[in-house]
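**Q** The numbering used here puts the sequence shown at residues 1 to 483.
Hints were generated in silico from the structure; no laboratory data involved.
No residue lacks a Cβ here, since even glycine has one placed at the ideal position from N, Cα and C.
This list has only true hints and no planted wrong ones.
The calculated label-pair distances, taken between Cβ atoms and stated as ranges, are:
hint, residue 1, residue 2, range
1, 366, 297, 27 to 33 angstroms
2, 474, 22, 24 to 30 angstroms
3, 8, 445, 24 to 30 angstroms
4, 275, 365, 45 to 51 angstroms
5, 268, 22, 45 to 51 angstroms
6, 270, 471, 24 to 30 angstroms
Taking lysine-lysine pairs in the PhoX-like style, the calculated list, with each CA pair at most 20 angstroms apart, reads:
hint, residue 1, residue 2
7, 282, 292
8, 262, 383
9, 107, 233
10, 262, 292
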Amino acid sequence: MHQLTLAEIARGLADKSFSSEELTQSLLGRIKQLDPQLNSFISVTVERALDQARAADARRAAGEAGPLLGAPIAHKDLFCTQGVRTSCGSKMLDNFTAPYDATVVSKLADAGMVTLGKTNMDEFAMGSANESSHYGPVKNPWNLEHVPGGSSGGSAAAVAARLLPVATGTDTGGSIRQPAALTNLTGLKPTYGRVSRWGMIAYASSLDQGGPMARTAEDCALLLQGMAGFDTKDSTCIDEPVPDYSANLNAPLQGLRIGLPKEYFGAGLDSRIADLVHASVKELEQLGAVVKQISLPNMQHAIPAYYVIAPAEASSNLSRFDGVRFGYRCEDPKDLTDLYKRSRGEGFGVEVQRRIMVGAYALSAGYYDAYYLQAQKIRRLIKNDFMAAFEDVDLILGPTTPNPAWKLGAKSNDPVSAYLEDVYTITANLAGLPGLSMPAGFVDGLPVGVQLLAPYFQEGRLLNVAHRYQQVTDWHTRAPTGF
1 MHQLTLAEIA RGLADKSFSS EELTQSLLGR IKQLDPQLNS FISVTVERAL
51 DQARAADARR AAGEAGPLLG APIAHKDLFC TQGVRTSCGS KMLDNFTAPY
101 DATVVSKLAD AGMVTLGKTN MDEFAMGSAN ESSHYGPVKN PWNLEHVPGG
151 SSGGSAAAVA ARLLPVATGT DTGGSIRQPA ALTNLTGLKP TYGRVSRWGM
201 IAYASSLDQG GPMARTAEDC ALLLQGMAGF DTKDSTCIDE PVPDYSANLN
251 APLQGLRIGL PKEYFGAGLD SRIADLVHAS VKELEQLGAV VKQISLPNMQ
301 HAIPAYYVIA PAEASSNLSR FDGVRFGYRC EDPKDLTDLY KRSRGEGFGV
351 EVQRRIMVGA YALSAGYYDA YYLQAQKIRR LIKNDFMAAF EDVDLILGPT
401 TPNPAWKLGA KSNDPVSAYL EDVYTITANL AGLPGLSMPA GFVDGLPVGV
451 QLLAPYFQEG RLLNVAHRYQ QVTDWHTRAP TGF
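Given only the sequences and the hints, what does the whole structure look like? Please build it.
**A** Next comes the structure, spelled out in structure tokens:
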């Protein structure tokens, strides 16, 4: 059963080929057996999962139906889950049990999904490799000596290893799409505001967005259907009708205009990945798409702008973790200042401390205009580049990452090198656009992804193109050896 996609599970549950309880027990057994190799879970909620599975079976027996009813899922460990530790991969929140459900968690639970556990992640979602977690690094099932990407690396590794069919992730600068690319998954970052952020512990509030991670575009469509929608509790959530994301998966691509930014194919991109991107373009052309070269001239400024804005917001958001109200508190503080300093110094890891300091510096009185204000102006220029490009093309295509997954520890002493791995993904977050990564081949036995970007609220078109591509390729069906 572990090889089944979410869509196949929905059909199997509907025709009573197996029950949700049987499926849940099978997958919990796989997690217990195989996850010690991967470290993809922080918490496994065995009793909760079995209770939810039995409840889902009872709902089906009573005549209820739905593609998510009884299907298993795991949540990245920054979605608050009532009664379950929600750690954000940090010592700071190792003892925090969420008193309520995030909107994403409650919506999927209401749809009948079965939560198997909470997945490992870079601490407070800060990282590109899932190596900054307080609970240790996650390993890539395609090669256990390599990273799975981050910060949603636990979700990516668990789905890629067939421990479960789908998982939630969050994407602040590529943290759904990049690990999806490095583990052979389909990962979707929705339009900013499409999915509620209420109950999703913040890294950078103007950039964070939750989304689905799965093996196929079809599964992402089903999961996004359950996640998306307006939420009065989130002031950044947009009151826009949610379309049926599965309805147009098979729509023809005839005449679809796809833009290839020339800036994507310069120095820094592995030539073998470039070849795979061009091969995917040929497949889409055979399906009827029309491809043309475009330009995104301000893309070169994206990395420096992002690494001013995101740390600035992080320094503000993480100021609440002070050792007073909840979370980690140092032992025997001498006074209030000592309490603050040692609780934060001991509770936060190196990467989080680095970004807090960068952000506090950028927001300080003498440097706000020189750094933060300039970064916001660059952000607007990047958005304007996309708006101009979308007047000529329907979608933008390129590599998801400049390189395949690197070895564990290879970039630990060179954070800037790790930051550069996000060069193709962060622009979508700065502009608030939807983006999708889909499997497109392998380099040295490691997966490679191709990224698609679309205008606001065009997630359905992204899923349509990815699904049609997956109908004529088999990259997404390949599984790592041993899993």
